[in-house]
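Engineer: Each chain is listed here by its residues.
Protein chains: 2
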Amino acid sequence: MFENKENRTELTDLGEFGLIDHLAAAISLTNKESVKGIGDDAAIIDNGDNMTVVTTDMLVEGVHFDLTFHPLKHLGYKAITVNLSDIYAMNAEPKQVVVGLALSNRFSLEAIEELYAGMKMACDRYGVDLVGGDTTSSNLGLILSVTAIGKAPKDKIVYRNGAKETNLICVSGDLGGAYVGLQLLEREKKIFLENPKIQPDLSGADYILERQLKPEPRKDIVDKLRELNVVPTSMIDISDGLASELMHLCKQSGTGCVLYEDKFPIDPQTYDKAREFGLDATICALSGGEDYELLFTIKVEDYEKLRMNLDFSTIGHMTSASEGMYLQDKSENRVTLVAQGWRAF
Amino acid sequence: MFENKENRTELTDLGEFGLIDHLAAAISLTNKESVKGIGDDAAIIDNGDNMTVVTTDMLVEGVHFDLTFHPLKHLGYKAITVNLSDIYAMNAEPKQVVVGLALSNRFSLEAIEELYAGMKMACDRYGVDLVGGDTTSSNLGLILSVTAIGKAPKDKIVYRNGAKETNLICVSGDLGGAYVGLQLLEREKKIFLENPKIQPDLSGADYILERQLKPEPRKDIVDKLRELNVVPTSMIDISDGLASELMHLCKQSGTGCVLYEDKFPIDPQTYDKAREFGLDATICALSGGEDYELLFTIKVEDYEKLRMNLDFSTIGHMTSASEGMYLQDKSENRVTLVAQGWRAF
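Quick mapping for you: the protein sequence lines, in order, are chains A and B. Our numbering puts the first residue of the first sequence at 351, with every later residue one more than the last. Our numbering puts the first residue of the second sequence at 351, with every later residue one more than the last.
Treat the hints loosely; a few may be bogus.
[Said to hold, decoys possible] Computed beta-carbon distance windows for the label pairs:
| # | chain 1 | residue 1 | chain 2 | residue 2 | range |
| --- | --- | --- | --- | --- | --- |
| 1 | B | N455 | A | R625 | 33 to 43 Å |
| 2 | B | D371 | A | I548 | 40 to 50 Å |
| 3 | B | D399 | A | S672 | 39 to 49 Å |
| 4 | B | H372 | A | E651 | 51 to 61 Å |
| 5 | A | Q549 | B | K547 | 57 to 67 Å |
| 6 | B | R475 | A | R358 | 20 to 30 Å |
| 7 | B | G368 | A | D474 | 17 to 27 Å |
| 8 | B | A374 | A | D573 | 24 to 34 Å |
| 9 | A | N683 | B | A374 | 51 to 61 Å |
| 10 | A | Q549 | B | A671 | 52 to 62 Å |
| 11 | A | S670 | B | D505 | 51 to 61 Å |
| 12 | A | P546 | B | A467 | 41 to 51 Å |
| 13 | A | V685 | B | H372 | 50 to 60 Å |
| 14 | A | P503 | B | D505 | 37 to 47 Å |
[What the hints assert, rightly or not] Cross-link-like lysine-lysine pairs, in silico, DSS-like; alpha carbons within 27 Å at most:
| # | chain 1 | residue 1 | chain 2 | residue 2 |
| --- | --- | --- | --- | --- |
| 15 | B | K574 | A | K382 |
| 16 | B | K504 | A | K382 |
| 17 | A | K613 | A | K564 |
| 18 | A | K423 | A | K540 |
| 19 | A | K564 | A | K423 |
| 20 | B | K382 | A | K504 |
| 21 | B | K423 | B | K539 |
| 22 | B | K564 | B | K613 |
| 23 | A | K540 | A | K564 |
| 24 | B | K504 | A | K504 |
| 25 | A | K423 | A | K504 |
| 26 | B | K382 | A | K574 |
| 27 | A | K504 | A | K601 |
| 28 | B | K564 | B | K601 |
| 29 | A | K382 | B | K506 |
| 30 | B | K569 | B | K423 |
| 31 | B | K569 | B | K504 |
| 32 | A | K506 | A | K649 |
| 33 | A | K506 | B | K539 |
| 34 | B | K613 | B | K514 |
| 35 | A | K569 | B | K382 |
| 36 | B | K574 | B | K655 |
| 37 | A | K514 | A | K569 |
| 38 | B | K564 | B | K514 |
| 39 | A | K514 | A | K655 |
| 40 | B | K569 | A | K382 |
Note that these hints are calculated values from the structure, not bench results. The beta-carbon is built from N, C-alpha and C at its ideal position, and this holds for glycine as well.
Starting from the given sequences, assemble the full structure and let the hints guide the process.
Structural biologist: Written out as structure tokens, the structure is:
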């Protein structure tokens, strides 16, 4: 009680991934049902015929969202979908969620109803049941904690660590939009705060705003891969940006990689709005985050099955670990990839 | 964006249970595997031979704990055990936890290690694996969100809604200690803040301090009931106080109840320290909360099996709903029970 501080290592010196690695090193699994612990998109629990897949995510006001421009309904929707995204990233099907909610008395019942309406909409859309939760007060703002539970047959789970040299690197949809959408919202907030009479100018930006405010997890991609009879060798969802996620796959699979900038799928709206902000769309795709697309690797022989499908882009290939992790830019220069976790500490 | 408020219902007008009921009313279950949703200690998911049991709890700094007197290691321990308590309250066995953690840069790595050491200690003690989580920054303080996952054979799950008229009401351990322990810690904090040179006086209060700072979930009771071949007709863990929990059992089972004050198990230390604070130990037991004992109902014919066991007290019996919910005090007056959820809004 009332003790003094002595040794002190700042969290900023470690960063998000350093902290997770450090903490995970002290933890071991003892139950035979606990198949996979910390270090993938979700934990895996053996339940006999099926595996139970579990993931959890926290959204903190002022860090992950700004209620000035994140409407509560959208926020509820997003809180659910970002968790479902982690379940799909294991090639599994989400089935249930439980929701922890801490909120202060500045929220009315009507506000909470909006939040729940958004959560319910996401649950309905993806066939998921909201089965429980905890609602508590907070003098700190709004905090949402969602745990999603899914299932998959034992032999269908895809981990981060299965990629092999020469495997192709694929990504669904397009990248960078959510980040550019956020820049736009932050600019308009700033203008609004300076002069509340000026209406926000969000014209011609529907797509990137929706990417930021209402991300959809790629259930359709998981379904499509099954249909095409392609089981990825490794998979992860893109929450922190392509570079950081690909580095997870490489690190855990023991490979290197080469990405080709000219293969990056970037929507024209992302590209144009990025330019307006003086941003490089490639950097937005690499490090922007929150796209919630699926990044996965496939065997070369599966390439033909995916080639004609517009939902996927092949953006590079795995190499041996000793070759490092590179981006080959449009001028054919090779630059080392750099990961960005959160830096918010 | 930037919208105005119109209709506004204050959360204070609803209270915790009113809010939960209101929100739960809008939610229905669609997956056949989702056996039990909101409204019990944990959700139940059908996995074939076994049921998966899931519960989640949030601990918010300034609401659920005060870092002045909750050491981080104890806090980590408690964050896990309060969740395990919900799993045991379903007569199930906890197996895994996932942990969401939001923290600001005022915490050092060493502080987080303390927190994890406490969590790990609880996991080890109860044979549970920490399989995943989410660590994020917060500009607001420390928030812990734990989801626990357990399992039980289909026919062994005990819900809140199975109590029948004439069933006996039993409770494990003793009540009120955690609340009185908290009063003591808050008094000493106040003295310390007024004069940091005065050492806290916590002598002769080990038991109630441990009840507050390091609660143990009653795995031993679940094991003992199994051994005695008693399956409770309903069960709940005591986090909000005896009155409130018993009212949940009655409401969901469609019964009334009579509690006998003179049967309440209250530790002498709880009794003495309550007196020192001018508190009625019975009120502490009824409404204090955080005891994490198990409250359950049994058939009259099972009474003999439990009678000689010091770990259980029989404190009343269920009646018909029309008879209401009463406490019979030591002077044989009957007082209507009142529930206390959180009032922190």
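Engineer: Next step is simple, just say for each hint if it's right about the structure.
Structural biologist: Hints and how they fare:
1. At roughly 34 Å, the beta carbons of N455(B) and R625(A) sit within the given window of 33 to 43 Å.
2. Separated by about 43 Å at the C-beta atoms, D371(B) and I548(A) satisfy the suggested range of 40 to 50 Å.
3. The given range of 39 to 49 Å is respected by D399(B) and S672(A), whose C-beta atoms sit roughly 47 Å from each other.
4. The beta-carbon spacing between H372(B) and E651(A), approximately 55 Å, falls within the hinted interval of 51 to 61 Å.
5. In this structure the supplied range 57 to 67 Å holds for Q549(A) paired with K547(B), their Cβ-Cβ distance being about 59 Å.
6. The hinted window of 20 to 30 Å between R475(B) and R358(A) holds, with their beta carbons roughly 29 Å apart.
7. Between G368(B) and D474(A) the CB atoms are about 25 Å apart, so this pair conforms to the stated range of 17 to 27 Å.
8. Separated by about 31 Å at the C-beta atoms, A374(B) and D573(A) satisfy the suggested range of 24 to 34 Å.
9. Between N683(A) and A374(B) the CB atoms are about 57 Å apart, so this pair conforms to the stated range of 51 to 61 Å.
10. Between Q549(A) and A671(B) the C-beta distance comes to about 57 Å, which sits within the given range of 52 to 62 Å.
11. Restraint check, S670(A) to D505(B): a C-beta distance of roughly 54 Å satisfies the suggested window 51 to 61 Å.
12. Range check, P546(A) to A467(B): about 49 Å between beta-carbon atoms, so the 41 to 51 Å window is met.
13. For the hinted restraint 50 to 60 Å between V685(A) and H372(B), the CB-CB distance of approximately 54 Å keeps it satisfied.
14. For the pair P503(A) and D505(B), the supplied restraint of 37 to 47 Å is violated, since their beta-carbon distance comes to about 26 Å.
15. With a C-alpha separation of about 24 Å, the suggested pair K574(B) and K382(A) falls inside the 27 Å cut-off, and the hint holds.
16. Simply put, K504(B) and K382(A) have alpha-carbon atoms about 20 Å apart, close enough for the 27 Å limit, and the pair holds.
17. Using a Cα cut-off of 27 Å, the hinted pair K613(A) and K564(A) holds, with the two alpha carbons roughly 26 Å apart.
18. Distance hint between K423(A) and K540(A) is fulfilled; the C-alpha atoms sit about 22 Å from each other, no more than 27 Å.
19. Of the supplied pair hints, the one linking K564(A) and K423(A) holds, its CA atoms being roughly 9 Å apart against a limit of 27 Å.
20. Our distance criterion of 27 Å between C-alpha atoms is met by K382(B) and K504(A), whose separation comes to about 20 Å.
21. Distance hint between K423(B) and K539(B) is fulfilled; the C-alpha atoms sit about 19 Å from each other, no more than 27 Å.
22. For the hint linking K564(B) to K613(B), the alpha-carbon distance of about 26 Å falls within 27 Å, and the restraint holds.
23. For the hint pairing K540(A) with K564(A), the CA-to-CA distance comes to about 22 Å; that is within 27 Å, so the pair holds.
24. Under the criterion of a C-alpha separation no larger than 27 Å, the hint pairing K504(B) with K504(A) is consistent with the structure, at around 22 Å.
25. For the proposed pair K423(A) and K504(A), the alpha carbon gap of about 35 Å is over 27 Å, so the pair is violated.
26. For the hint pairing K382(B) with K574(A), the CA-to-CA distance comes to about 24 Å; that is within 27 Å, so the pair holds.
27. Pair hint K504(A) plus K601(A) holds up; C-alpha atoms about 24 Å apart against a cutoff of 27 Å.
28. Restraint check for K564(B) and K601(B): not satisfied, since their Cα atoms lie roughly 30 Å apart, outside the 27 Å limit.
29. Between the alpha carbons of K382(A) and K506(B) the distance comes to roughly 21 Å, so the proposed pair stays at or under 27 Å and holds.
30. Proposed proximity of K569(B) and K423(B) is supported: the alpha carbons are some 21 Å apart, at most 27 Å.
31. For the suggested pair K569(B) and K504(B), the alpha carbons sit about 19 Å apart, so the restraint of at most 27 Å is met.
32. Only pairs whose Cα atoms come within 27 Å are accepted, and K506(A) paired with K649(A) is accepted, the gap being roughly 16 Å.
33. Between K506(A) and K539(B), the direct Cα distance comes to roughly 55 Å. Violation of the 27 Å bound is thereby established for this hinted pair.
34. Restraint check: the Cα-Cα separation between K613(B) and K514(B) comes to about 21 Å, which is no more than 27 Å; the hinted pair holds.
35. As the CA atoms of K569(A) and K382(B) are separated by approximately 20 Å, the hinted pair is consistent with the 27 Å bound.
36. Only pairs whose Cα atoms come within 27 Å are accepted, and K574(B) paired with K655(B) is accepted, the gap being roughly 11 Å.
37. A distance of roughly 25 Å separates the Cα atoms of K514(A) and K569(A); the hinted pair therefore holds under the 27 Å criterion.
38. For the given pair, K564(B) sits about 34 Å from K514(B) by alpha-carbon distance, which is inconsistent with the 27 Å threshold.
39. With a CA separation close to 19 Å, the supplied pair K514(A) and K655(A) stays within the 27 Å bound.
40. Simply put, K569(B) and K382(A) have alpha-carbon atoms about 20 Å apart, close enough for the 27 Å limit, and the pair holds.
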